[in-house]
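Student: Following the hints, put chain A in place on chain S, whose structure we already have.
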Amino acid sequence: MLLHDIRLALRSLKRNPILSLLMIVTIGVGIAASMIAMTVYSARAGHPIPWKEDVLFAVTMDTRENEPPPPGMPLRNFEYPPFTLAYQDAVAAYRSDIPRRSVMMYRSGQLVTPERANIKPFHVPVRVTTADFFAMFDVPFRYGGGWSRAADTTAEPVVVISKYLNDKLFGGANSLGREITLGGRQFKIIGVLDAWMPHPRFYDLSGGGFDLPEDAFLPFEWVRAGRIFPQSINCVRRTARVVNFESLFTEECLWLQYWVELPDSAAHARFQQYVDNYVRDQQQRGRMPRPLNNRIVNVSTWLEMNNVVGDDTRMQVMVAVAFLVVCVLNTVGLILAKFLSAAPIAGLRRALGATRLDIVRQHLTEVVIMGLIGGALGLFLSFGGLRLLYALIFARGLESSDNPARLTLAQSFTHMDFPMLLLAVALSVLTGILAGIYPAWRIGRLTPATFLKTQ
Amino acid sequence: MIVMNGVSKVFRTDIVETHALRDFSIEVKPGEFVAITGHSGSGKTTFLNVAGLLEEFDRGTYHLDGQDVSRLTDNERSRIRNERIGFIFQGSNLIPDLNIYDNVDAPLHYRRMPAAERHKRITAALERVGLTSRMKHLPSQLSGGQQQRAAIARAICGSPRVILADEPTGNLDTTMSDQIMDLLQSINADGTTILMVTHNPELAQRAHRQVHIVDGRVDQIHHFDSGQRASAAAGANA
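Listed in order, the protein sequences are those of chains S and A.
In terms of this note's numbering, the first sequence opens at residue 1 and continues consecutively.
In terms of this note's numbering, the second sequence opens at residue 1 and continues consecutively.
By construction, these hints were calculated from the structure, which means they are not laboratory data.
All residues carry an ideal CB built from backbone N, CA and C; glycine is no exception.
Covered stretches of chain A (in silico footprint by chain S; criterion: 3 or more residues with CB under 8 Å from a CB of chain S, positions within the stretch not fixed):
1) 66-80
2) 94-101
A few chain S residues that face chain A, going by a derived Cβ cut-off under 7 Å, partial list only:
3) 353
4) 356
5) 448
Next comes chain S alone, as it looks inside the complex (with noise of 0.2 Å):
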């Protein structure tokens, strides 16, 4: 019966073929503004490392003046405490040893000098953390490893470096052993690490949270041994000032991400317990004005804190949507049109004893079919929306880069991957059964005598 109901349908597009033409466009169309709003917020909302979402924790203290929230800021961004922490607070936190593992951290950038003439100097992002970053994080390594605790606090100058780098470098040999030159500096190369792209870069989402991670990691310790200034530095009491580099571990400035790895609730509490009391301690001494606001929040609460989806974003897919629905409501009329223009045949089928159940199915299957089709039209329209998504924003970018895992990231936000197809083939039939079922049902309700005459 179902291959005899889609002849029939096809059938039927072919009667008709301008009106079915417009339909299947109108939602192809739809499908296909559709498909980029949700290609794109996929991208954006996708969890970079959900096999730790119940033991991964950043966390904040909320160390600003007790002020109310500056004209323009959204209320929902001033509730939240800020998202680093100053040094004094970062290293009490660091004491702790509820945390199975714990890192602080910055990022900063340093000058390559390759020992190769034929390579010029170049800056790359550079990561100055606890040692404890790689394990926390998951972090693969191609070659090697990362340093000791004990590393952190000597200064050992060795360097962790990305696969770029090692490639870049080294021609992607192993090169454990061998230095590098990084801000004057000599680096001991400990660890090579394989490709990896959390997305977003969760870890620090200053920037918006959709970049590259560093290609070099350095000992904790070097910020002082190196004195490598932070990328970025929030001053967040009226008085604090960075005057010069010490004033970075003294004053009210914060710049360092902190991370825990806690095994499970019990020790989440006690660990925010003990920020709490910490915070608490701080306030009697005079620091940290604010009523209690300390968050230790697993990775989804931190990507939403950090607005990492983006409020454009949402509302361009709830606009694409609405696209649809008036896409879908167009083609309800189209339909409607044309089912009724046939309805003296439906009348004849149902003299010859096709129950109303029959003649809904049929038409129900013209609709499916038209969905399916428009929903072709609308991946092939979605391809091309997506590459010129991709021309406009991204290629102007990648022009200036030799690092392929940037053309990775960039493609990341314009491909449209196996999941988001099932998604375009399910929406098409949905749209199909959405603008169909009531044209059909209208259709299937229709005395069977109405139209016999005028057949």
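Tutor: Frame of chain S, contents of chain A only:
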């Protein structure tokens, strides 16, 4: 076979009520050939639609093969239409984008009949109406008479107990009309009950009985013996 007692059917709009059938009673025996005549708007087609379960009625009783049809669900009415009733309409009512074979196949499809059985019945029906060589043609490629023969093939392929024909010769010339009437008489001779609406008194005489309807009521009934029927048929074929 068909027993209607006091059947009424009213078509209502916001401003007007039209009594298509008023206290309409008729009994048709199995194997009968009944001609229904009457002026335009007298209720002939409404009677046929009610008899064919295409339309519901407001009052009265209707038993088809002893079964009270007023209590049937829509699905049951569809099944009875499909299995027990064959329809022939004035304009043949073939589906324009299906070829003749597929048109004849349509009611069998809704019976969920196996393909081989359908094929056997379709070819037999088309052979009987002389359209075997035209089975792959579209309706628009056939003459009016051929289209009506195709409609007859569609009506008989399901071996119905009764055929309801609404002016089956209305759009045809005399020769074509006679051919169609010959065909219907031959089908009736095989035992199929036929109710035929017609304006043509000569064609009506080829039935066993003529029921004349006026204003939705049975006005007159004429019975024709075999001699009258033969003479009408001979006159037509002369």
